[in-house]
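2 protein chains.
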Amino acid sequence: MNSLPKVHTGFQSSTEKLLDWNHPMYKLYEKAKKFGGWNPIDIDFSVDRQSVLNSGPKERELVAQLVALFGAGEEAVTLDFLPVLYTMANEGRLEDTIYLTTFLYEEAKHTEFFARWRQEVGMTEDLSKYHTDNYKKVFYEMLPQAMNALYTDNSPEAQVRALTTYHMVVEGMLAESGYHSFRLGFQATGLLPGMIEGIKNLGRDEGRHIGFGTYTLRRLISQDPKLYDVFTETMDGLLPYAIGLINDTIAITEGEEMYGVDWTIMTDYAIKQYNTREASISKAKDHFDAYLEIEEEAEAIIE
Amino acid sequence: MNSLPKVHTGFQSSTEKLLDWNHPMYKLYEKAKKFGGWNPIDIDFSVDRQSVLNSGPKERELVAQLVALFGAGEEAVTLDFLPVLYTMANEGRLEDTIYLTTFLYEEAKHTEFFARWRQEVGMTEDLSKYHTDNYKKVFYEMLPQAMNALYTDNSPEAQVRALTTYHMVVEGMLAESGYHSFRLGFQATGLLPGMIEGIKNLGRDEGRHIGFGTYTLRRLISQDPKLYDVFTETMDGLLPYAIGLINDTIAITEGEEMYGVDWTIMTDYAIKQYNTREASISKAKDHFDAYLEIEEEAEAIIE
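Protein chains in written order, with the working numbering: chain L, 9 to 311; chain W, 9 to 311.
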């Protein structure tokens, strides 16, 4: 907390600087205002409710597990994201801070979405039992620890650790794989149209969120390529638990098709996401003298 | 930072608790989703631009001062609100935290609104010179100090000090008086229709924000009526600077009418707001055994 400014020495928007309307994060904020206004309360869950009522016990349990993982994941990323806002605000990054207010609101809305779905379809029992040891390791421990470290250590290293955990593994690898599993199992069958509609909106929001993470990790690593090692160490440290929690989730299928799908492909999909994230960040370490180029590329990712 | 949980022990929305759909702060969140979606970029500022171009130097300066105060005020309340989210999240108040994500997003949007207005009407010079000593005392010092104290002291006393400064004086007295001054000077004349449209939206958002502040102060004071003294001490400590900064702003009019308005009435209006806030909170100290009743009343305020 030593870095905390106890007083202000001025306000950017009062000066001739105003806001940097061309800042990549400001542009992301404009996108969020334009596309982030969906409301879970407008989604019809009546078909989902009927599908859940009609499902067999094993089918219902697979869905319950996915929802248990996703719902708590959204609650975790809502509660644990504040230290990033704190860091950006303390560094005087007004455009980043402004964008991140939409980010936080969207995570809260995602938390509401899964709670509302459960309420509407009648899956209101305690789902915490589906949080396995691997899941707890990532969401109960490693994520909050990496994030909360920013309150006492705002070094670039600590920022890389936090953003890699949050944006690259939790959002970029696990959430993306989760969306894929819902689409895979329920888009074609039409069994859970409300869930699919929500997931589509969530995915768009998360695309912007990962845009912030990619942009900021590249900014940090381009300024000090040694941080790339911190990035890969963090990725590697999380990988076994991330893969473990996916395997825990699909164990119920015992390798057999459910909802017409072979769920074991989820592990490969997650590893593919992991490699995509790593490749996307690795560019920054060779381009630390070409920050603007990377900035433009990050912008293209965000589009 | 001692109170900071480094790990999670569970996630409310995964249990059978889900979310408390009837929690007053959850209801406020639903309202924010429904009514908070306005976008500064959709507002037409062309008439405002012409009016500013055509205004005399003294008239232009009065508007510049109001915008300088308001714009920095919105930036301040965006940057300084994080400790309240931190406190609510740490206390496990999930519904409050969810509501506050919309609150923070709205403050960021208000910051954008004033910067955008300045950009669009061509009032892009540095306006920091209009931040007088009284203004600096409140917005550069007392507000961030009261808010940031929550990072190291989450006691009810510290919470009452922070919320009183933020919601009762900065929002409830100063911002409300600021809106009034814009409506007073520019609603009837039609000179700044873009500004008036924005102010109308801002006012609606701030109504919800003050609803949170009133509700939470009443919750705290109803549980320990001694905190009412902390509330009044904080109010009284801010009053001279709050009145001072309003007087600084209207000094340019030298007591004469501008835009057809006697601006000295602003001081009385601000004192009226101060008394309204004090009366609204004072109810809680006599009703500390009737928390639910107060909760219902707070809910009625929010409606």
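Note that these hints are calculated values from the structure, not bench results.
Don't take every hint at face value.
The list treats identical chains as interchangeable, and a pair is accepted whether it falls inside one copy or across any two copies.
[Said to hold, decoys possible] Think about it this way: if two alpha-carbon atoms lie no more than 20 Å apart in a straight line, the pair counts; the simulated SDA-like pairs of lysine to any residue are:
#1 K137 x A259
#2 K145 x L26
#3 K293 x D256
#4 K145 x I279
#5 K137 x I260
#6 K144 x T23
#7 K137 x T23
#8 K208 x K234
#9 K25 x V55
#10 K14 x D161
#11 K280 x D141
#12 K35 x G45
#13 K291 x E265
#14 K280 x W29
#15 K35 x G64
#16 K293 x P248
#17 K137 x K234
#18 K66 x E265
#19 K14 x K66
#20 K144 x T275
#21 K25 x E133
#22 K42 x G215
#23 K42 x W29
#24 K145 x K291
**OP:** If the cutoff is 20 Å on CA atoms, where do K35 and G64 land: within, between, both or neither? Let me know, please.
**Re:** neither (47 Å within a copy, 35 Å between copies)
**OP:** Pop the pair K145 and I279 into one bin, within, between, both or neither, using alpha-carbon distances up to 20 Å.
**Re:** within (19 Å within a copy, 54 Å between copies)
**OP:** Give the relationship of K42 and G215 under a CA distance limit of 20 Å: within one copy only, between copies only, both, or neither.
**Re:** Within. Shortest intra-copy distance 14 Å satisfies the 20 Å Cα cut-off; inter-copy 23 Å does not.
Subject >> Intra/inter-copy verdict for K144 and T23 if alpha-carbon distance must be at most 20 Å >> reply: between (47 Å within a copy, 15 Å between copies)
**OP:** State whether the alpha carbon distance between K66 and E265 is at most 20 Å within one copy, between copies, both, or neither.
**Re:** within (12 Å within a copy, 77 Å between copies)
Subject >> Intra- versus inter-subunit Cα pairing at 20 Å for K35 with G45 >> reply: Close inside one copy (16 Å) and across copies (17 Å); limit 20 Å.
Original post:
Under a CA distance limit of 20 Å, which applies to K42 and W29: within one copy, between copies, both, or neither?
Top reply: within (15 Å within a copy, 27 Å between copies)
Subject >> K280 and W29: within-copy, between-copy, both or neither at 20 Å Cα >> reply: neither (35 Å within a copy, 39 Å between copies)
Original post:
Within a copy, between copies, both or neither: where do K145 and L26 come within 20 Å Cα-Cα?
Top reply: Classified as neither: same-chain Cα gap 43 Å, cross-chain 22 Å, threshold 20 Å.
Subject >> 20 Å Cα threshold - placement of E265 relative to K291 >> reply: neither (39 Å within a copy, 62 Å between copies)
Subject >> Alpha-carbon proximity between K137 and A259, which holds within one copy, between copies, both or neither at 20 Å >> reply: within (15 Å within a copy, 65 Å between copies)
Original post:
Is it within a copy, between copies, both, or neither that the alpha carbon of K14 lies no farther than 20 Å from that of K66?
Top reply: neither (56 Å within a copy, 35 Å between copies)
Hint violations for this structure: numbers 2, 3, 8, 9, 11, 13, 14, 15, 16, 17, 19, 24, all remaining hints satisfied.
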